[in-house]
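Residues per chain are reported as follows:
Protein chains: 2
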Amino acid sequence: MSLTTLENDATVTPTVTTGPITGSHKVYHRTESGLRVPARRIDLSTGDHFDVYDTSGPYTDPDVTIDVHSGLHRLRAGWADGREHNTQLGWAKAGVITREMEFIAARERVSPEFVRDEVARGRAVIPVNRRHPESEPMIIGKNFLVKINANMGNSAVWSSVEEEVDKMVWATRWGADTIMDLSTGKRIHETREWILRNSPVPVGTVPIYQALEKVDGEPEKLSWEVYRDTVIEQCEQGVDYMTVHAGVLLRYVPLTARRVTGIVSRGGSIMAAWCLAHHRESFLYTHFAELCEILKQYDVTFSLGDGLRPGSIADANDRAQFAELETLGELTHIAREHDVQVMIEGPGHVPMHKIKENVELEEQLTGEAPFYTLGPLATDIAPGYDHITSAIGAAQIGWYGTAMLCYVTPKEHLGLPNRDDVKTGVITYKIAAHAADLAKGHPYAQEWDDELSKARFEFRWNDQFNLALDPDTARSFHDETLPAEPAKTAHFCSMCGPKFCSMRITHDVRRYAEEHGLSTVEAIEAGMQEKSAEFGAKGGQVYLPVVERP
Amino acid sequence: MSLTTLENDATVTPTVTTGPITGSHKVYHRTESGLRVPARRIDLSTGDHFDVYDTSGPYTDPDVTIDVHSGLHRLRAGWADGREHNTQLGWAKAGVITREMEFIAARERVSPEFVRDEVARGRAVIPVNRRHPESEPMIIGKNFLVKINANMGNSAVWSSVEEEVDKMVWATRWGADTIMDLSTGKRIHETREWILRNSPVPVGTVPIYQALEKVDGEPEKLSWEVYRDTVIEQCEQGVDYMTVHAGVLLRYVPLTARRVTGIVSRGGSIMAAWCLAHHRESFLYTHFAELCEILKQYDVTFSLGDGLRPGSIADANDRAQFAELETLGELTHIAREHDVQVMIEGPGHVPMHKIKENVELEEQLTGEAPFYTLGPLATDIAPGYDHITSAIGAAQIGWYGTAMLCYVTPKEHLGLPNRDDVKTGVITYKIAAHAADLAKGHPYAQEWDDELSKARFEFRWNDQFNLALDPDTARSFHDETLPAEPAKTAHFCSMCGPKFCSMRITHDVRRYAEEHGLSTVEAIEAGMQEKSAEFGAKGGQVYLPVVERP
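Residue numbers (the working numbering), protein chains in the order written: chain H, -4 to 545; chain X, -4 to 545.
Derived from the structure by calculation, the hints contain no laboratory data.
Among the hints, erroneous ones may be present.
No copy is singled out in the list; a pair is fine if it fits within one copy or between any two copies.
No more than 30 Å apart at the CA atoms, straight line, and that leaves these computed lysine-lysine pairs for DSS-like [to be verified]: (1) LYS449 - LYS349; (2) LYS349 - LYS435; (3) LYS209 - LYS181; (4) LYS88 - LYS449; (5) LYS449 - LYS351.
Kindly produce the complete structure, drawing on both the sequences and the hints.
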């Protein structure tokens, strides 16, 4: 399908959200060679500003005209000229710093050489299919900011192309670093085309889903030929990374029979069914080298799928799961020999005390290939709240070294996420990813927390809202209790009310110190007597109503 | 204030939620000596049932008539006869197993002797003021189920007595193990009376809040006498545990001046202001032994407050925080000499990698007194989602040994929680507490997860909903995608639709094994050839529409 077809497709008319997020605007930083790297600038009432990583693409830039029928501007058109026949990994190994690496270095605030070195080691991947020039380069690796993925895709049950395109724009607006199109049923190719041509972030897929449609949903009818052609079709379209369940070996399938929840991965169960039906190893495993050669032509990244991941706390870290991981390790080394980038998918459902083992084993078996996990959920007993049960596990596994976290929405296990669920899932996972960055001691992570906490402490309410991951929700929650606009500048919060505010005491302690131009600690120690008298005299100035305060 | 006054109080007419939670009903287990211990029984479509810990009190028992004007039945009336002048800790040290211990043993499924021993060691507390006979005995300690607390209380800004009583019943309905009444402003005593007479769980307070009201909100006017009289008033009313910020020493106050967010604890800042105003150690510290003697008379438990807890990621684990913790350790040992039970309050805002140190230090300094923490929030950047940022920290600190988690609602830092926020906060914290129980390897924790996962895997949709922490939300989310009642028995979920379902493949693998009466693994290994043929012949029966399945 070409853009022309898109323009003529009268049946599809997506409407997407544009314009900046409240309290911020798009800025571009120039790299040495002149690349424009986007950031989201939050303006503060102090006259200062704070820039944050920006995944939203041109949609939040008012100077850009958005036309979903013609697709986004082809940012990277021509970047690959002269290096068509090599991958980011290939160039990294050869010591070459690509434009993508330069762009990413500016985004992550590290040196281009550091980016190149991490890619060369296979410890980070840059998913950029040359056929998807609309996407802004980003990197996935344990030594960079933790990334999050949001799943899209219509299913046999419902949801339209329009909805999915809108959800994609909506998810990247709030912080999704990549999106996966998991469409099944009809119009898979068309839905994917709409998403790819309009996505500012890398797009992942699970090709076996479309291949299954081509054989009327009967796994045993799948063949290497059908699968290969589907992969080539998707590579040509511009898919940036593909989930391949090549680790589901025939001998591993029986290991799932005694599980509480057997095989819960869709791709894993398809391959398990194929293996049982043919009593052979899957074509994904036997043709893996050919698959590498295809992906290499487009620089598509492998996301080796965990088809035997646990679907419940009871099945976590069992033989089936770790046996498959071992095979994924072997395949990782084969892919690297072909200069194809690889990341590894992980669970799923894992109690907190069993999470660390997953990361340690993955790093050991794959030589630190980027780990990409779904949650994991830290308990099974809260359907309807699995964005939370999984954020608990996701924050921890991110801290231990997982490079990308696949979001989970409140509808997990129950239904398909709507627009609100997508936003809730993305914000929840931005929280988990940022908490992990903090715990890993990322040099820039805490700056954001400190900016917000300072604003909170100084009663700069609007700054606090605008620095929040979700300014609109923060502001609306505040307004429920104290709707009046003056409250936005009030020197108290709703918990204690105007007469008393705990934070004000520290303000007064500090102001006192400043007035006396001493280091605050000395000031207080030296000045306590005076302070004591002052308190007595003024009858506790800190409790005067706000209006009477300077 | 007496119950009579309550009955005559025409100005207050709380309406509370009664009746069982969807899909479950109240049952009582009899102890050896005939005590009736409540549990919530979830009935399953298999004819089986699953009992869970029940904090909801008589409100979920249809056989009990609720009259908030006369208060709940006095369950423990007479239990203390003959032991008025000793505490649970005193009796535990003397080797005596009280009725409260027997009740708790049945609730926690451990031996009464184990309960007694944990209390005697000071590693667990049983907050039961003899003047609050309406409450059902419960225990807080690292070797029992992790508990959660929900804060109530009207403030100077808004909210009525009616709202607070309704919120109390609502919070315990969804799982709050204790509640704290943090009322400020007018009608503090009256609000507390309503809550105490109608609360089936222990009630905690921060007496300094009411004392401050008595001196017109001016901290420096506070005195030991005013505070003492307030404590006695609250002991007489039946408060079960009290937060006392006795660890805020004069020399610690300056340590907060260089913080990003200074002093954020309300009680802590009140005492800091008092210390600065009088340039002396606080009356809480200098009169601590007298305070012990008062609490002992009623068997009220200390909750030693962390007045200098960090209010931001930047201030976590700093000198001010840990200096105060050291003093709380000293006070803990003094209280125990007086046979008064003690727990210790903890932060607050702490990045993941600094959480463990808090638990280790607390256990070392206090001799393993139960730790009771607020969150902690693992990042500051998500106001509006702080139930989630804090659940990440709460689950971890619970795993490390914290005995009770104080909930945080979505309104934290922004406003006062409404009824929906209270439920969201409680469910979120039940998730964190249960995830911690799982990670600690609590003998019974995983049974619940397994029951729900089995139901999910066997497509017993209603069982899955009813086993969820929030059955109503789980059911409604499912119905958004597949509203039809038949879908509740459908052998597929909304993600894959009727034509294909990953879980069904494992079902078929397993059924095959069962039909052949072999151990499943052997069956599959032995029968693969046959299975292969079968699959071919039936054209993949697992993909036939649901209606055609047996």
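Intra/inter-copy verdict for LYS449 and LYS351 if alpha-carbon distance must be at most 30 Å:
between (34 Å within a copy, 26 Å between copies)
For LYS88 and LYS449, with the copy left unspecified, which applies at a CA distance of at most 30 Å: within, between, both, or neither?
Close neither inside one copy (44 Å) nor across copies (48 Å); limit 30 Å.
How do LYS449 and LYS349 come out at 30 Å by Cα distance, when the copy is not named: within, between, both, or neither?
between (37 Å within a copy, 21 Å between copies)
Given identical chains, is LYS349 near LYS435, meaning Cα to Cα at most 30 Å, within a copy, between copies, both, or neither?
both (19 Å within a copy, 11 Å between copies)
How would you label the pair LYS209, LYS181 (within, between, both, or neither) given a Cα cut-off of 30 Å?
Only inside one copy: LYS209 and LYS181 sit 10 Å apart there, 71 Å across copies, limit 30 Å.
Violation of the numbered hints given earlier is confined to hint 4; every other hint is satisfied by the structure.
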